[in-house]
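2 protein chains.
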Amino acid sequence: MRPQKVLDKEIIIGLTQVFRSRGYEGASLQELSEATGLKKASLYHRFPNGKQQMADAVLNYINEWVNDNVFQALLNNDFEPKIRLKNGLSQIRTLYDGGNNTCVFRALSMQAGIELFEEQINKGMNEWLSTFKKIGVALNFKPQEAEQKAMQVLIEIQGSLIVTKGLGDITIFENTLKNIEHHYLKA
Amino acid sequence: MRPQKVLDKEIIIGLTQVFRSRGYEGASLQELSEATGLKKASLYHRFPNGKQQMADAVLNYINEWVNDNVFQALLNNDFEPKIRLKNGLSQIRTLYDGGNNTCVFRALSMQAGIELFEEQINKGMNEWLSTFKKIGVALNFKPQEAEQKAMQVLIEIQGSLIVTKGLGDITIFENTLKNIEHHYLKA
DNA sequence: TATTAATTACCGAACATTCGGTAAAATTTA
DNA sequence: TAAATTTTACCGAATGTTCGGTAATTAATA
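Protein sequences, first through last, are from chains R and U.
Sequential numbering of the first sequence, starting at 1, is according to this note's numbering.
Sequential numbering of the second sequence, starting at 1, is according to this note's numbering.
Think of the hints as simulated: they come from the structure by calculation, not from any bench.
Here the structure is a predicted model, which is why all the values come from computation and not from measurement.
Incorrect hints may appear among the rest.
The list makes no distinction among identical chains, and a pair is therefore deemed to hold if it is satisfied within one copy or across any two copies.
[What the hints assert, rightly or not] Calculated pairs, SDA-like style, for lysine to any residue (alpha carbon to alpha carbon, straight line, at most 25 Å):
1) Lys178 with Ser33
2) Lys178 with Ala146
3) Lys142 with Glu174
4) Lys123 with Asp169
5) Lys123 with Thr171
6) Lys82 with Gln53
7) Lys186 with Phe141
8) Lys123 with Asn175
9) Lys123 with Gln17
10) Lys51 with Leu167
11) Lys51 with Glu31
12) Lys142 with Glu31
13) Lys134 with Asn49
14) Lys123 with Ile170
15) Lys134 with Leu167
16) Lys123 with Gly168
17) Lys9 with Phe71
18) Lys39 with Ile83
19) Lys123 with Cys103
Kindly produce the complete structure, drawing on both the sequences and the hints.
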């Protein structure tokens, strides 16, 4: 019996895991094949434009996940802003597996990657900024302050992921999430 | 005539530039050869253990540069703490070319790199932390506060470099340097 | 000092391996 | 059966690495 068709989602998850940890150049077709359970040629059936299209799909997948989870939590008017912030940060914790996962933006923004994915990364980061600006405004900060805070959040998340990995200490990421919450709620 | 010896420093500078912008996997021997002016085989004459040894040398070179410039400026007792801080941040600006350069730690800490250079990156980051703790103490912060501030500095520098690159906006890095200065001097 | 040996600095060419990618056949699904 | 999907088998190019060798400088020897 021939193996059953591998689900799209499982494929994307496998690709994501590899690109995320290896970066664009570091992700080899062999590893991508092993992680997805599809042979190289099968991957090319699903992604005729090859590696680049695979990474593209990963970027879209993460973008969707962030929209459906992080941003949704932050903007869900069923809850008051404080709760939304907490929920959003909790989703971010999940996104980066408590600091164990690298950010896809980072993984795909080294030289060879940045030219290919510049646009998506730029767009993605701007969406983070505008969403966090909104939660800032909802928490009664002036627009300009909210904008600065949003930038600060983005920088601290990215920075703490790097330092977390560099020092091999997960608590750094966790502390950063707590600090972000305090920054918003102390005023 | 025997070709003149290519200066060690010139080689390291070329290697640094490539590893920094391309990452470990992305840095090809061809590119490293072009950047240094040495043919591949000659690079192997200087670095018998190949690519890994080259990246290792880059890490050491940057570490030395940071010690001789950034840390030296921060710890130079000929100046008062405020001035030292300003000078240190100015050296950091130079190190990252105002936000145009990637951090070598980041470039060499993707999966394939992190296993090889884990130790050096860990050690390097801890040196940043302890040095910035010292300037914090010199500015009359309690040891614990100074420690937290040092971590914050490291995170913000790393994060702002990522976001600067992702958004293609140099002012983000510059603003972060200003913010760091304010964080230290406002209390 | 003159001669010899060892070392240094470099390079062209080839090495095995891995890379991303493809054509065609086999298998499954409908 | 026809279309869709996966596989095997393969490719050219690029990768990191090594080999064999040249020429100049340095060190040791006599």
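Consistency of the hints with the structure:
With identical chains, the CA atoms of Lys178 and Ser33 are never at most 25 Å apart, being 38 Å at best within one copy and 46 Å at best between copies. Taking the shortest alpha-carbon separations for Lys178 and Ala146, both the intra-copy value of 18 Å and the inter-copy value of 18 Å come in at or below 25 Å. Taking identical chains as interchangeable, the C-alpha atoms of Lys142 and Glu174 lie at most 25 Å apart only when they sit on different chains, with a minimum of 23 Å there against 27 Å within one chain. In this assembly of identical chains, the alpha carbons of Lys123 and Asp169 lie at most 25 Å apart only when taken from different copies (13 Å versus 30 Å within one copy).
For a Cα distance limit of 25 Å, the shortest separation of Lys123 from Thr171 across copies, 18 Å, qualifies, whereas the shortest one inside one copy, 29 Å, does not. Proximity of Lys82 to Gln53 under the C-alpha cut-off of 25 Å is found in neither arrangement, the shortest distances being 39 Å within a copy and 50 Å between copies. For a Cα distance limit of 25 Å, the shortest separation of Lys186 from Phe141 qualifies both inside one copy, at 11 Å, and across copies, at 21 Å. Only between protomers do Lys123 and Asn175 lie at most 25 Å apart by alpha-carbon distance; the minimum there is 21 Å, versus 27 Å within a single protomer.
In this assembly of identical chains, Lys123 and Gln17 lie within 25 Å of each other by CA distance solely inside one copy; the values are 22 Å within and 27 Å between copies. Within a single copy, Lys51 and Leu167 get their C-alpha atoms only as close as 31 Å, which misses the 25 Å cut-off; across copies the closest is 24 Å, which meets it. In this assembly of identical chains, the alpha carbons of Lys51 and Glu31 lie at most 25 Å apart whether taken from the same copy (12 Å) or from different copies (22 Å). Taking the shortest alpha-carbon separations for Lys142 and Glu31, neither the intra-copy value of 48 Å nor the inter-copy value of 49 Å comes in at or below 25 Å.
For the homomeric pair Lys134 and Asn49, neither the shortest alpha-carbon distance inside one copy (37 Å) nor that between copies (52 Å) is at most 25 Å. Taking the shortest alpha-carbon separations for Lys123 and Ile170, only the inter-copy value of 17 Å comes in at or below 25 Å, while the best intra-copy value is 28 Å. Within a single copy, Lys134 and Leu167 get their C-alpha atoms only as close as 33 Å, which misses the 25 Å cut-off; across copies the closest is 19 Å, which meets it. Taking the shortest Cα distances, Lys123 and Gly168 sit within 25 Å of each other only across copies (11 Å), while inside one copy they are farther apart (30 Å).
Only within a single protomer do Lys9 and Phe71 lie at most 25 Å apart by alpha-carbon distance; the minimum there is 21 Å, versus 48 Å between protomers. For a Cα distance limit of 25 Å, the shortest separation of Lys39 from Ile83 qualifies neither inside one copy, at 45 Å, nor across copies, at 60 Å. For the homomeric pair Lys123 and Cys103, the shortest alpha-carbon distances inside one copy (15 Å) and between copies (23 Å) are both at most 25 Å.
Of the numbered hints given earlier, the model fails hints 1, 6, 12, 13 and 18; all others are met.
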